[in-house]
Every structure is written in C-alpha cells, then in structure tokens.
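Asker: Residues per chain are reported as follows:
2 protein chains.
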Amino acid sequence: MRFEIKDRDAAGRLGRLYTNHGTVTTPTLLPVINPNKMIIAPKDMKSLFDVEMVITNSYIIRKHDDLKKTALEQGVHHLIDFSGPIMTDSGTFQSYIYGSVSVEPLEIIEFQKNIGVDVGTILDVFGTPDQTRKEASDGVNETIKRAEKSVGIKENMGIACTVQGSIYPKLRKRCAKALSLLDADLYPIGGVVPLMEQQRYAELVSVILASKKGLSPGKPVHLFGAGHPLVFPLASALGCDLFDSSAYVKYAQQDRLIFPTGTLHLKDVDELPCCCPVCSSMTASEVKKTDKKQRTTLLAKHNLFISMQEIRTIRNAIRNNSLWELVEQRAAANPFLNDALQILKKKKEKQWIERFEPIHKKKAVRYTGPHTIHRPFIDRTMNRVNEWYQPSSDVIVVLPESEKPYHIHYQSLIKKIKDCQPTVDIIVESPFGPVPLCLDEMYPFAQSVFPDHLDKETKAFSKNQMKRFVAGKKVLFWKGEKTLQELRSVSKAGGKEQIDDDVQRLRAVAMIQFGKECTSALFSGNLSYVKSKKTLKIRNVYSDEDHVLSLRASDGLFTLKLVGGKRLHDHVASPRYRVIVHEDAVPFIKEGKSVFSKFVLDGDPLLRPFDECIIADKNDEFLGVGRCLLNVDEMKAFSFGQAVKTREHVS
Amino acid sequence: MRFEIKDRDAAGRLGRLYTNHGTVTTPTLLPVINPNKMIIAPKDMKSLFDVEMVITNSYIIRKHDDLKKTALEQGVHHLIDFSGPIMTDSGTFQSYIYGSVSVEPLEIIEFQKNIGVDVGTILDVFGTPDQTRKEASDGVNETIKRAEKSVGIKENMGIACTVQGSIYPKLRKRCAKALSLLDADLYPIGGVVPLMEQQRYAELVSVILASKKGLSPGKPVHLFGAGHPLVFPLASALGCDLFDSSAYVKYAQQDRLIFPTGTLHLKDVDELPCCCPVCSSMTASEVKKTDKKQRTTLLAKHNLFISMQEIRTIRNAIRNNSLWELVEQRAAANPFLNDALQILKKKKEKQWIERFEPIHKKKAVRYTGPHTIHRPFIDRTMNRVNEWYQPSSDVIVVLPESEKPYHIHYQSLIKKIKDCQPTVDIIVESPFGPVPLCLDEMYPFAQSVFPDHLDKETKAFSKNQMKRFVAGKKVLFWKGEKTLQELRSVSKAGGKEQIDDDVQRLRAVAMIQFGKECTSALFSGNLSYVKSKKTLKIRNVYSDEDHVLSLRASDGLFTLKLVGGKRLHDHVASPRYRVIVHEDAVPFIKEGKSVFSKFVLDGDPLLRPFDECIIADKNDEFLGVGRCLLNVDEMKAFSFGQAVKTREHVS
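The listed protein sequences derive, respectively, from chains C and R.
Here the first sequence is numbered in our numbering, starting from 1 and rising by one per residue.
Here the second sequence is numbered in our numbering, starting from 1 and rising by one per residue.
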C-alpha cells in the first residue's frame, strides 16, 4: 500500500494513500460502520459527506453468522455496500470492553483477508492508562509477537500494526520501533480511547509524540478511536494521518451535536448554530419534535458533516501552512487542549517537531495568544539568529518594535546612527526577540502579524531571546539623542569595516539559511547584485559574474542557482547541503527529473522541508540543485513519491 | 417601536424588536439590499437564510426615477419584494463616499415615511476617524440638530438617530446623550466603517463603549456597516443589537469566502472548509469554474449563510451565558481583535460592563486563555470577597488549588488544621485568587474549568487578588506538618469563637450575595437549616423557624423567601435591595404578576440582573420578593417588558 506526502505543515502532512479500492487524501476520518446498524448508509457517505474510506469491525462480522456468510461469499464491500477502501478492526477494542474475545490473532487476519478488506488490523493487546509499567510492557511484547506473525501472512492485504504501551512514553517508543521493522502498511496508535473520553489531552499528546518518535516517518499513522473533531487539528499537527470514530453516532444517540470547538446538547440549543444541510433545512424545535430514531439519524448526519468539514479545514490549513493557527484556535475552546499544548513547549518535543517544519511558509505567522511564540520553527529561527548570524559590530543599537519593514520605517534614524558610528549593528526588539535590520524582509520576521499588546509569555520569550543575543556585546537601547552621544564616544568597535547595507543583508540572509560556512563559498570574489525595478528589492546575486543566488520577494529567502550549488559543493564537505542519490537516479536527474525518495541514500540531517539543497551521487559527484520536499529521515524512509524538486542540473 | 430584553450575557442582550411588519429577534444582521442589483432575492433571505429584517437605501431609491415611482406608488416592501421589516439608510454614507448628497435632511425623512419603511434613518453627518476634534464636534452638533427636527416629523415610522463623534469618546458620549433625550426608536453607531475596513478594532471598541455609555440602555443599538462576522460577538457583548452589511456581496465580488474567524480567498481553497448548502453541493474546483456572475451569487450565498450562522451562535451563547467564551475564541483568530479585548481590561470599562453582567450564569466559566480572568463579573466577585466577606479569624491558612469541591477534597486536612486551631479561616489559592472554603460551592468558584497550566497573566491576577486579601492578616501558606506546628503556637486569634462549618457557609454566601448588612436581618435569632437528602447540600434556611432563604444546588446562591425579604426590608433602609414600583402596579404584584419596567420608579443601584430583590412601593411598603431581569438603570429606561419576576408577594 503506497503512501506519499504531497504537502505539509508543523509535523503534519497532507498525504495520499493508494489502496486496492482507490486513493485517499489524508488526514481523513474513517467513520465507523456498525454492520448490524447502519445509521447512515456507507454509499451515501461518499456522495454526501466526502468520506473516502470507512472502517468496520471484522470481529463483529465474524461473530454474526449472516454477516459472516455474506462477507465471505460476496466480500465486505458488498456487505456494507461501499465501493471505496475499507479498513477493519480486529476485536481488540471488544477485548478491552468485554475482557476477552473468542478469536485467535492469526484467525482474524485470515478472516480479514478472506472478506477482502483493504487494510486489516492485527489483534493487538489493548493497553489501558491505568496499567502498571509491567502490565503494559507484557502487553507490548505480546502485541509485537502477534504483529510479526500477522505481517508474515498479510499477502495482498494492507496491514495495520497497532502501537500500544499505555501512558509510558518509553514503552510506546519501543513498541513503535519494533513494529516499524515489520513490513506493515499502517500504524495505528491504540489504547487512547480512555484518555480521550476523560479529556486527558496532555497525556494523549505525550503518547502520540512517543509513538511517532519510534515510528518510521514514511508510513501513515492512524489515531484509533479519535472521534471528536476537537482533537483532529492537534493530532494532525503531530503527524496523525487517519482518524476513525463512531462518535458521530454515539453523540447523536445522546442528543448531542458535535462542533469543531466542542459539543452542545440539543436541549441547550434554541437555534441551530450551524448551516449544514440538516441544520439549514430544519429548526431546532422541529428537530426536537422528531422521534428518537429519526432524531438520531438527523444528528448523526449533522455530526458527520461537521467532522468532515473539520477534516477539510485541516487539509486547507496544511496547504496554506496555517495549521498552528488552527491548532491554537481550537485550544482556546477547551481548557484541556490548552494543557495539551503545554507539552509541545518542552525543548525536546519542540526539537522533534522542528525537523518536520517547512523552512518557509505560504502565510504569515498570525498571533493567536501565548501559544504562538512557542511554535517550533520560531525556536529554529531564533537559534539561527543567535548561532549562525554574525553581527557586523560588537556595538549594537536596539530599536523598539515598529511598522514593517523596519529598515524603511527607521530610514532617517538609521542614517543618524550610522553617521555617528558607521559599523554599528542595529536590531529591532520584535515579539520574536532580536531581529537584525538586515533580516527584516526574511520569513518569518516580515511575514508576521502580532497585536500591539503582547501577553506576558510572549514578552518573556522576546526578552529571553534578547538577553541571549546581546550577551557579551556592547548594547545601547535606543534613548534618542543620548544614544547618539554615547555612540559618538565608543571607539570603532571590533575594528570591523563598514559594509554596504545590501551586502550585509545578503550575507545575513545567507548565514541564516545556509549557516556561517556558506559565505566564503558563495560570496568570494567580486560580489554584485541586481534589484527588481518593481519591488526595488535585491533579485539576483552574482559572485565574479557567476549567478549564485536569487532572492525570493515573497519571503526574502534565497533560491540556490547551479553555480551557487557547485560552489557550496566544492567548499563544504559532504554530507552538508547534500541529498545523496543512488546511481540509478543519475540519468533521470540529468534530464531534470525530480529526485524520488526510493533513490535517496543519505543526506544532510540539517536539511528541512523546502530547504535548498545540492544533489550529489554516492561519490559526491555534483548533479544539481533543488528544493527538498522532505527532511532526510523522511527521504530515507519513504519508498514512494518525490523527495527533491530538481531546479537546475548538470548535463 | 417596542424593544425588550429576553435574555442576556456580558453587556449583550437577546432582545425582541416589534415593528409594523413583524417581530425581530436580536442580535441580528440586516443584509444590505441594493435595489438596483439584488444578488439574492430578499424574499429568499427569509426562507433560506433566517433573515428577519433587511436594510436598503432610501437615497438610492429616491435618486432613480423608476425605483422612486414604484416605491411611492406601491411601497418599499413591494419594490424589493420583502414582507418583513425594512430599515432604510438616508444617504449619509453616500455623502461620506461622494462628499455630498443632493437631498435635504427633512426631505429624506418625508420620503422614507412616504415609501412605508419600518425604520427610517436621519441624514446625519458622517464623522471620519481622521477628523480633528473641532470638525467632529461641528458634525455632532449638526447631527443633533437634524435629529431633533427629524424626530419631530417621524409620525408612525420608527426612526434611527445615528451617534457620531469620530474617534473622540467624549464627543461620542455627548452625541449619544443628546440623541437619547429624543423620542427615537433605534440608535445606530455611525462613522465606523473606516475603522472596520482597517481592522482598527481597539478604536472601534472605544467608540462603541463611549456611545453605549451615553445612550439609554432601553433602546436598541445598531452598529452601522458592521459586516464581517468577526466583529459580531464582541460588538454583541458590548450591547450592539443590530448589524447591517453588504459584506456578503462585496466579499463575494472579490472571490472571498467569509468565515466566523476570518476570510479565505477562493484561490487559497482547494477544498471548501464548510458544509453550508452551497459548499456541500459543490466542490471548490466546480465553484472556481463558474462564470463571474454565478460565482458571485454562490459566494454571496455562502457568505450570508455563515454570517447568519454566527448570529445564531451568538444568540445561543447569550442564552447559555457563554458569550465571553465565544468572544475570546474569536479573538484568537485575529491579532487586532486581541488588541480590542485589551480595552475591556481597563478598570472603568470593566466597571461599566459589570453593571449589566448576570449575577449567576447557566454554564461554568471555561478558560480560553489570558483574557478569561479579565471578565468583568470576576472582578465583581473578587471585590465582594475582599470587601463583603468577613473571615472567621485573623489567622488564615492558604491551601493550593485542588479538585473541586475543595472542602471535600481537603476533608481530612481541614480536620487536622481545625484540631490545631479551631477558629482559623481556610482559603484556597484558585485561578481567581483566594476562595474561602465556605464559598467553594458558589458561582463561579465551583462552576469553572481552568487548565492545570495557567498563563502568566492569570497567575498574576490570582497573585494580586491574594495579596489584597491577606493584607494585614496572619497568613500561613500550607507547608504540611510545619504549618500545623505554627498553628498550634498562635493564640486563638481575634478572640472569635468557632462557628459550625455550615453556618459559616450560609453567612459567607449571604455576605457575598447581599453584603455584610444582611446578616443581622437574615440570621438573627435561632438559626437552623435542612439539607437535601439527595445532594447532601443545605437546602432551606430558617431563622426562628421563619423560612428566610433557600440555597440553589446548581450555583450555590440563595433565593430570597418572603419572610427573608421582609426582614431585609425592615432592617436595611431604602433603596437597598429595593425595586420601587408605581402605585398602579401594586394590585398586579399582589396577584403575583411580574413587575413591568414601565412601572419601576427607582431602585437599588447595586442590583444586578438575576439578583434577588425586594419589591416595594414609593412609600416603602413591602410588596414581595423577586428576581431582577434587568439592572435598575435598565428598568427605568425600558417602557416595555418585564423588570422583575415576582416570586412571593404579600396579599
């Protein structure tokens, strides 16, 4: 079963899953079909609700003779009358609810194969949150054993191997790692229904993170039993690709309406705050007057409309790189989701997520509240400003936040400052922390919208970043004429020479994007550049008349030209900047074709999605330059899909 | 034109507006109808979109001979084919756009009357945000002059007098006060479109607050040109009742889709993140392929569906007393709305809003982020804890936040503490600040959901409240056995005697609800109480066998019994606790009928909506007890609707 990434944001991905019964776009929701009681007909799910894939229960089908007979004779697609891909669960959840099940692990695999499901699930051991570590560990060991045997007999069926391990992160990771060694097709995260039922979202996030860390980034991940759309955005941002749930029916049976921000009981609804096809054709009092059965169907439809709407909202947010905004907005709707976001503020969790975060995004960073400043790519950027950027002087003048771009807003002030002290480095105290003037057009500094009033947490972040940046330097916070006087009195600091503002900008952006080691390669020799007549921004950069870089107006970042790539290649040792490909791929790259994941041997672990890169073969022969779609771990893990979009190549 | 309040939350109200063409529930949106180009037929607006009232432009109708002729001959309802109430604008906005208009102020009033509109608007002078104070003041003076003359000739038509005054709060308030002296029916806040177009929401909020402060609380308020649903919840929370907008069409013409949290351009939408009747019947690419005209109609429909959905969402939030949650959630979607909420944190603005805030709410306080703790009724509660509550001792033990109810969670610990020092007062350090144990079942302390991790702003609020509470008292923060030792060593502080926990609870809740002065009246003599067998909570309270109070289990607050009311009446001077009614109302009250606003002469300015009150006549004759639906300013301002729900009465 093929899976590939088409777009991405945070650690989330817009994927495509290819099954025997058609292609599915992820993230998606698989509504649970109870073969004994189909409240909404599966075939209507596709046409009316945009549902692409459903899940039903092979254990239940097997237990009921009539269902079993039809399924075995005519197949599961006939049984529930659904032509798209069907996944089945195995009875694990029933074993959790009822204590045990009357089927053997391999029996249920054989049965799932026999009824023609697209993705069958192993009979894993459900690990509850109240288990001891020992109990959970025993369950994990048994789950791994069963998975190994089950995968061995999967044949043509896709197989899902469920990660267990209760609430113990190390166990989760160990289970995930062991299962990732198998030739499975899908990795559900199991045993999380009790956490979701009790809104223990912080623990849920820890479980997802631990599981994802152990799993191969190249396989789709399913969050088993994730039902309420409230958790979809956050789980998607952490790299969950599939959800399944009977919540749409269960909530309907309790007269409860699902919304992306929570649930409302029908009795608390005088007017339907919704315009789905159900809610726009009936009033609240009309719905209340229907009999129980009809009401359940109506509310189940509403719940499924809203759940699938949230799935589309997430997919759009991934495409527009605004997934964090969505996650944070949803956290404002639920105090326990708020707690869950705290988990992502831990350094090690941020660092894990950061590796998947695109290097630039289509939309500006929009502030939602105190969570915003903790987005992992902001840490990355500020680390680079602190570690990769080299100020032009040891004397630093700090200006307050202003309208953007800073260097235009502060034009006359800058002139005054430079007249006093030509080599001084000027930075602006932004919500992110210190932003050197010469980086003020670069993502995310220019592409961000913060309110005038910042919350205390954002202020603290900014202040800490500032403290880190100015440590050991001579710093003058702008105080008008007084600062100018002070500047006149300091000696020409560090003996550095004055650099042209544009050149400083080029060097600074390159350092943030490619690290300090790039500058001698890219900017050696006679440096020149041309500006766009329209935007007045630098467009193309030449070194000794070689066109080495172009600067994108939209996000102020460089694209790497062939000559620039060659220079980096010749000056900086492998694997820095490289994606290293198998020899079989070389002829295709020389024709300008993209680099496919299955040909990637290795590469620079510092490369991030949408980073500029060098394409080289295993002998470090330079082949071209391109744009990464994946990080290197992903390139190595995926067997399908593009890894690098080749931009220029040697012939 | 009658207007009355049916329900309320924050300073917002769920109202009913009675017009010549039917009744309208507020808050609501009046879609702007361009009589020359009706993208959606007005008659469909009622049946498909739940629109109850529309607005069109009398100036445009008057300018076009054919429209004018039809309107004069057959009426405006025939002209646009809409049977519900129609409001018209007067040309003011056109004078802003084009510099001037070719009609006299009284001419356009006569014309609006002649074409049969339900609510006509005066030709006021549009005050732009960039005006000087002098220019704005001149405009206000002229507006007031025109309003006076226009109201004089309104006859049977409802008339809207628009508040101007640019961005100057004092001018806005002056204009509002002057207009409130007139017999107008509706008060639009005008001149705000430029602020909304530039997302200057903080200034918009200042303008709304200043205008509302000057206006009579008994009249409906319209926010002129408020188009995007993003501002509806906040404006509603500040007491705006009507919105009007052509945004649904204007955005559609620009290929933009409106959502409650913002706007998406069609080009950025690969899948429609919506399930309105338009979006659930077509895909994004199908919409993109339609021709411009059809696309505009489709998107206008989507935009109107979503706008009216947000209106219903607001009305539900008012009914469920969860309007602040909605306002704060929307602020997470827009940095400038975030800034707007900062305005509401100013002491004087909080104090103004507080007077309208219900004394108890149907739903728990749910944390959304740093804004939550600044809700005005939280200040009220904490002020009362600090000023009205009297600790049972000068020695105070502070326990950390825990599960609720605190006195159950800390049961064994409390016993230990009381064994050491029987008269000690125990409080819990909650997100609100100090919560005395004996108040732990009272709204909002018990009815609140906060995350485990609090943001820095909430922590600071809690800490400040704590500091204020413990000032001058002997305070021991719980440190286990060490605290017990300390307690044993302090002398029996203040010489106060030990009080039974239940009695302490009764006294404490009464103090918070009715002030210190109530206790001698309500609890003099022999105090007894009965508990509910089911909830084990105190149910009825007797003093010398008089049933004085009942305690509501849902929010831990008292209802006042007739004897209790009589006692308060006899012990505390008028107007404290009173709603004073006209003699004409006395016979009705003695039959148990509600008190209607038009009979209210005066009352206790401390009474808040949903407060318990005494009903008395102008000679302070005791008539009964009841539950306020309005505050006293509102009771005096309204000419229609209920002011007090009589619970018990003298015969």
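FYI, nobody ran anything at the bench for these hints, they're computed from the structure.
The structure displayed is predicted, hence computed values, not measured ones.
It is possible that part of the hints are untrue.
Across the chosen pairs, the derived CB separations fall in these ranges [unchecked claim]: (1) C/K645 to R/E197: 52 to 60 Å; (2) C/E545 to R/S285: 39 to 47 Å; (3) C/K645 to R/D130: 45 to 53 Å.
We put the beta carbon where it would ideally sit given N, CA and C, even for glycine.
Asker: Would you mind marking each hint as holding or not holding in the structure?
Answerer: Okay, the hints, checked on the actual structure:
{"no.": "1", "hint": "C/K645 to R/E197: 52 to 60 Å", "in the structure": "violated (39 Å)"}
{"no.": "2", "hint": "C/E545 to R/S285: 39 to 47 Å", "in the structure": "holds (46 Å)"}
{"no.": "3", "hint": "C/K645 to R/D130: 45 to 53 Å", "in the structure": "holds (48 Å)"}
When held up to the earlier numbered hints, the structure conflicts with hint 1 and nothing else.
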